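Undergrad: As a plain string of letters, each chain reads:
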Amino acid sequence: MIDRIEFALSEALTALRRNGMMTAAAITTCAIALFLFGGLGSAYVSLSSYLHALQYEIAIMVPLKPTTLRSEAEAMTRRIREIDGVQDARFAPKEAVWKEWTSQPGMEKWRTTANPLPDQIKVLLKDLNKGNAVIEKIKQMPEYDPKRRIRDASPERERVGFLIGFVRLFGGLLSVASLLTAGTLIFNTVYLTVIARRQQIQIMSLLGASRSTIRWPFLLEGVIQGCAGGLAAGLLLWGCAAYIGSRTRDFLSSNAPSAAGIGTSTLILFLIVVGALLGILSAGLSVRKHLRYEG
Amino acid sequence: MIEYQNVSVVYRGGIRALDGVNLSIQSGEFVVVVGPSGSGKSTLLKLLICACRATSGRVMLNDRNVGMISPERVHTLRRQIGFVPQDIGLLPDKKVWENLAYAMRATGHSKRELRERVPEVMDRIGMLDRANAYPRQLSGGEQQRVAIARALINSPRMLLADEPTGHLDPETSKEIFGLLQQINSRGATVLMATHDLPTVSNFRCRVVALDSGRVVSDSMGLAAND
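Just so you know, the protein sequences line up as chains A and B, in that order. Residue numbers for the first sequence follow the numbering used here, so the first one is 14 and each next one is one higher. Residue numbers for the second sequence follow the numbering used here, so the first one is 365 and each next one is one higher.
Rather than coming from a laboratory, the hints here were simulated on the basis of the structure. Any given hint could be a false lead.
Straight-line Cα separation of at most 30 Å, BS3-like style, residue types lysine-lysine; simulated pairs [said to hold, decoys possible]: (1) 139(A) to 122(A); (2) 538(B) to 302(A); (3) 150(A) to 107(A); (4) 302(A) to 458(B); (5) 135(A) to 78(A); (6) 150(A) to 122(A).
Have a look at the derived ranges for each label pair, beta carbon to beta carbon [unchecked claim]: (7) 38(A) to 582(B): 52 to 62 Å; (8) 417(B) to 182(A): 25 to 35 Å; (9) 493(B) to 205(A): 37 to 47 Å; (10) 279(A) to 434(B): 41 to 51 Å; (11) 297(A) to 500(B): 24 to 34 Å; (12) 282(A) to 501(B): 46 to 56 Å.
Since the structure is predicted, the reported quantities are computational estimates derived from the model, not experimental observations. Note that beta-carbon positions come from the ideal geometry of N, C-alpha and C, so glycine has one too.
Chain A extracted, bound-state conformation:
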């Protein structure tokens, strides 16, 4: 068994070394394709995560009747939390809201005037699409003051909701397309390698080598090419991310919602695994054609 593994591995490594230019072309192609896939994928994940974080920043402010007691407001807050689509609800006393509002730059002059604001409940949504339904339910509650308008942030909700939907659909399609492109490019490269060595396959077959004996060196070759391409793509992405990060750090506001992207080591490992899978799949498909017994 060890002998057979050694044979397959040594054949794969010898072929990679001997077909140096073809190997370099395969690894480069794989690296570029996976770089695009990884770059688009991680941009999609980061953007999606950023937009999800952003939606929690969009708050609906519900004004309460002046006669509402604090205990009634807190009970209402609990009821709001139970509504489908609500992430969180917090009671915001008018003094606290006024203080926060007047502490913003340029608003200091209002500090001396009487506080015109009502007590409010700040509602955060976990699903922006359910915002209108949530507002309708809140309007049914007796503590809500119908004389005042609910600040429902509908333009922001619509914009962010549209962006999330767009990123989800377009980013998903783009990732799938780049993965298919990567697969096709790797398949073509491995296929060319197999065509270049069809004489070897035919000889092995005529000598009585089993299909698995013929197939394994090619599969290993595909895996090695895919892994090397994945590693190169991962390192390239890591370098690009580090460079872009260092150039944009100063421009980003520290108050901006944090975007939970993919970790570098996870991304590199992921690309290596994807590369290996693409390599073995394309090598398997391309070598299959030459394993027909008539050959």
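Mind docking chain B on chain A? Use the hints.
TA: Here is chain B on its own, set in the frame of chain A:
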């Protein structure tokens, strides 16, 4: 024992390679199949290693219908038969000994086994001193010897040689023919396809003549008179 029972082979496009061939070859025989190009010589050999399949009729090898062997099991059949292809088919980027070692490794032999067997077979064909040469550094006759050695490496009981003297001068052809007879004298069945009638006429062996896919004669040592 090999038996062709009313075998016909029709390739795609309707090309009839064999047409109702009946032929029986006993173990240990030396049989030369002669005939012009396109007469079906190579197809007759290829049927035995499942490189092509009979359209009708049966090819029996030791009472086993080779046409019934599944593609997944063809390698078990091929390991029992040494095959020398028409184009020699040595791997150009492997040295002579590596070509032989590769044939053993590909069929599951260990490194220890090939260390013993490769020098033995190379010595048998008189190529031990050329072990480290690449195929391109060998003459046509030497290349053919290596191809025969490779076919013998797994100790088959049967050797098939497709036009082994096709590109060789008369002297080298005789040498190769002599080598095949020597292999046959050690007990292996040898089935050889050739259109090299002058060389065949120098040796006493069974000669089967094919024309347009049919057996037109089957006799002992009559090639020189054909």
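Undergrad: Hint by hint, note whether the structure agrees.
TA: Now for the hints, and whether the structure bears them out:
Between the alpha carbons of residue 139(A) and residue 122(A) the distance comes to roughly 36 Å, so the proposed pair goes past 30 Å and is violated. For the hint pairing residue 538(B) with residue 302(A), the CA-to-CA distance comes to about 39 Å; that exceeds 30 Å, so the pair is violated. About 23 Å separates the Cα atoms of residue 150(A) and residue 107(A), which keeps this hinted pair within 30 Å; it holds. Restraint check: the Cα-Cα separation between residue 302(A) and residue 458(B) comes to about 25 Å, which is no more than 30 Å; the hinted pair holds.
Between residue 135(A) and residue 78(A), the direct Cα distance comes to roughly 15 Å. Compliance with the 30 Å bound is thereby established for this hinted pair. Only pairs whose Cα atoms come within 30 Å are accepted, and residue 150(A) paired with residue 122(A) is rejected, the gap being roughly 37 Å. Between residue 38(A) and residue 582(B) the CB atoms are about 55 Å apart, so this pair conforms to the stated range of 52 to 62 Å. For residue 417(B) and residue 182(A), the hinted distance range of 25 to 35 Å is not satisfied, since their beta carbons lie about 52 Å from each other.
The given range of 37 to 47 Å is respected by residue 493(B) and residue 205(A), whose C-beta atoms sit roughly 38 Å from each other. The hinted range of 41 to 51 Å is satisfied by residue 279(A) and residue 434(B), whose Cβ atoms lie roughly 45 Å apart. Between residue 297(A) and residue 500(B) the Cβ separation comes to about 33 Å, which falls inside the hinted range of 24 to 34 Å. Look at residue 282(A) against residue 501(B): about 47 Å separates their beta carbons, and that is inside 46 to 56 Å.
Taken one by one, the earlier hints fail for this structure at numbers 1, 2, 6 and 8, listed in ascending order.
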